[in-house]
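*Asks:* Sequence:
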Amino acid sequence: MRALDRKLLRDLWRLRGQAFAIALVLAAACATFVMSMGVHRSLIEIRDAYYAHNRFADVFADMVRAPREVVDRVRAIPGVRQVQGTIRQYAVLDLPHRVEPVRALINEADSDDGGLNRITLRKGRLPLPGVAGEVVADEGFAEANGLAPGSLVPVIIHGRRQVLRIVGTGLAPDFIYAVAPGEILPDDTRFGVLWMGRRALEAATDRMGAINALSLTLRPHAREADVIRAVDRILAPYGGTGAYGRKDHLSHAFLENELTQLDALARVIPPVFLLVAVFLVSIVLDRTIRTERTQIGLLKAFGYSDRVVAAHYLKFALAIALLATVLGTAGGVWMGEATTGIYARYYRFPFLYYRISPLVVLGAGLLSFAAAAAGALGGMRAVIRLAPAVAMAPPPPPAYRAGVVERLGRLAGFSATGHMIARHIARWPARSAVTVVGVALAGGLLFATLQFIDSSRTMLDTWFLRAQRQDLTVSFTEARDEDALFALAQVPGVLAVEPASSVPVRIAHGSRSERAALEGILPDARLSQRIDADGRALALPVAGVILSRQLADKLAVHAGQSVEVRMLGGRQTVLVLEVTGVVNEYVGARAYAPLATLDSLARDHAITGAALLRIDPARRAAILTRLKGMPFVLGVSEKAATMRKFRQMIDDNMLTMIGFYVAFASSIAVGVVYNSARILFSERAHELATLRVLGYFRSEVGLVLVGELAVLVALSIPLSCLIGYGMARLMTAMFSSDLFRLPFAPSPASYAWSVVVVMLAATGAALAVARRVQTLDMVRVLKARE
154 MRALDRKLLR
164 DLWRLRGQAF
174 AIALVLAAAC
184 ATFVMSMGVH
194 RSLIEIRDAY
204 YAHNRFADVF
214 ADMVRAPREV
224 VDRVRAIPGV
234 RQVQGTIRQY
244 AVLDLPHRVE
254 PVRALINEAD
264 SDDGGLNRIT
274 LRKGRLPLPG
284 VAGEVVADEG
294 FAEANGLAPG
304 SLVPVIIHGR
314 RQVLRIVGTG
324 LAPDFIYAVA
334 PGEILPDDTR
344 FGVLWMGRRA
354 LEAATDRMGA
364 INALSLTLRP
374 HAREADVIRA
384 VDRILAPYGG
394 TGAYGRKDHL
404 SHAFLENELT
414 QLDALARVIP
424 PVFLLVAVFL
434 VSIVLDRTIR
444 TERTQIGLLK
454 AFGYSDRVVA
464 AHYLKFALAI
474 ALLATVLGTA
484 GGVWMGEATT
494 GIYARYYRFP
504 FLYYRISPLV
514 VLGAGLLSFA
524 AAAAGALGGM
534 RAVIRLAPAV
544 AMAPPPPPAY
554 RAGVVERLGR
564 LAGFSATGHM
574 IARHIARWPA
584 RSAVTVVGVA
594 LAGGLLFATL
604 QFIDSSRTML
614 DTWFLRAQRQ
624 DLTVSFTEAR
634 DEDALFALAQ
644 VPGVLAVEPA
654 SSVPVRIAHG
664 SRSERAALEG
674 ILPDARLSQR
684 IDADGRALAL
694 PVAGVILSRQ
704 LADKLAVHAG
714 QSVEVRMLGG
724 RQTVLVLEVT
734 GVVNEYVGAR
744 AYAPLATLDS
754 LARDHAITGA
764 ALLRIDPARR
774 AAILTRLKGM
784 PFVLGVSEKA
794 ATMRKFRQMI
804 DDNMLTMIGF
814 YVAFASSIAV
824 GVVYNSARIL
834 FSERAHELAT
844 LRVLGYFRSE
854 VGLVLVGELA
864 VLVALSIPLS
874 CLIGYGMARL
884 MTAMFSSDLF
894 RLPFAPSPAS
904 YAWSVVVVML
914 AATGAALAVA
924 RRVQTLDMVR
934 VLKARE
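If you count the sequence shown from 1, position 241 lands on 394 in this note's numbering, and the numbers rise without skipping.
Note that these hints are calculated values from the structure, not bench results.
All the pointers check out, no bait thrown in.
Pairs of lysine-lysine, BS3-like flavour, derived with a Cα cap of 30 Å:
no.	residue 1	residue 2
1	Lys798	Lys276
2	Lys792	Lys781
3	Lys707	Lys400
Take these sequences, add in the hints, and give me the full structure.
*Replies:* Listed below in structure tokens is the structure:
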């Protein structure tokens, strides 16, 4: 081992506290990068492999009823590679251990291995061709309801009651995120997916030789938009509701939303840590080089070149980066496995595991080494410029003058200790600023994370408590008229009933168009409200259409402009409507119009697909039992149950991630304050020892050190609030998508908690260094070379 390498090891051991503090900050950046990019990469690889192996379709289309021969016509469209026509039918399951009705979507199980959206069997087998009553159940639904191969399930399909036998459990790529229509969270206890053989499902739904759903894949160079237009032309006579691409498929869209958030996480958080680490490395090396001026001069005098000496200090920074990469990779893998476990509760893959990629580890290492090298550049330049003759002479002592700080201190009545603190802060403004900014970044990061709890609670309050005032949402087997509402109103315990009507439409403005569900609204509605981002209930117009902010942004339309609304399916009526308002909603891209407008589009009074109910809570069980026996009721959603699931998701996701970021923000605060305290101690050890000789108590001497740090931390608090505000705004915008738009609604408690956590971490680091003052060796410190 060369002499400089032995010196490097001694320096690392001598400065082990400061080196480890810097390594913690870099490790936090590495851990965030490894966790987010690792989970992102794992999900993409597993998703793509699952899609490819099970042949997930590229384009989907629904219709009322079409002959199977339409598949051949669609196959002839240029750019289409493979087409599959199937039957999909909603049904009501009568599970004896459940009071409420349970919905299921029954799909056609294609026994041909060449089919699309293929099933992955987990247990049992596929239904036998020609055997009625055999089904494969979704694995999550089966586990949640205690079902297994051999279980018998009473079910009502297409108005007829029969008993199905579960012969297997499985998964499919089009139901990775299995959510019931109108819901935003999966509930395996109330909604499931079943697969039945083709002949049996045709017989059960009276669709012999007919289909109501299409899936197709495209050739590599096909234009999706052209294929969709051609499919819509073919399916228009059969009640087609508009073909759509994979990006609009509900399961894929939810999964893509999570991937977008992970990508945003990797692009926002690590740069904060890397920036702090650059400054910390720069400060530590600057102080080390100034302390070792004489040694540097001797090394150059003995023949060591500028490049070799500068490389020695670069190695010091890179050694810290190496330790940070090891710690960060280990922490990132642990965090990645925990995060993947959370995703596995909501997304159904045949296998879902966190796979660490060498490229991700390499990327984290490169970031760490680049940050350390950037921090070392200033010190390396100082080493190269330092001439041996100058280096071997003692540095000139700092010159203290009675400046503005001195005069202000006298006016403020500072004590002698206060003057020493103020002078030292003013003497080193750049280093003091780094401490202030570093602690402020820690507080800002913590606040930006904590405010996601406030955002979730605001969305919960606005969407579930203020906008949705019903207790139950009853979905119908098919669109009904007012008779269904009257029947529901007669159920004992039902206090209020309102219709929930919607029709599929395509809304166009200029060259832009989007598929959406146009929802009908009553002028005197009580059970549903439209709440804007400011918390105000919007007055509903007598004509025109209201668009959600997400949909209005996609169409580039503003209030007062007109849009073309074309109904998908049915008569395909076209209306030109004025946009009378834009509402900042948090869930989905929606459009609203008076019920009279929906009647004009559909030209059919039977457009009510669901009903909103307010009930007497004391009669809940009796009402659910009664609804379960009504033939036109497909399913019942309880707002209370959805809120419980939403809160559970917040607890699972938010609390886990917040635990990570509390540790990360604390590592920044510890790293910044500890390094600042150690540098202050090393620079002022002579002064502190002199004060002890002059008769100052240990507590008074310690106050000089701790007081300066306390002033810097106090100065960082307002800045941390500003930085946190900006970071929270940025992260809220980056984490929003077409499915969810997070509100920015921070509470004072989030500011307070971020300040408290950072102050506790900073206090712990400062006290750890302040203990050295109590054991200060005055004789050794005062032996300074004059």
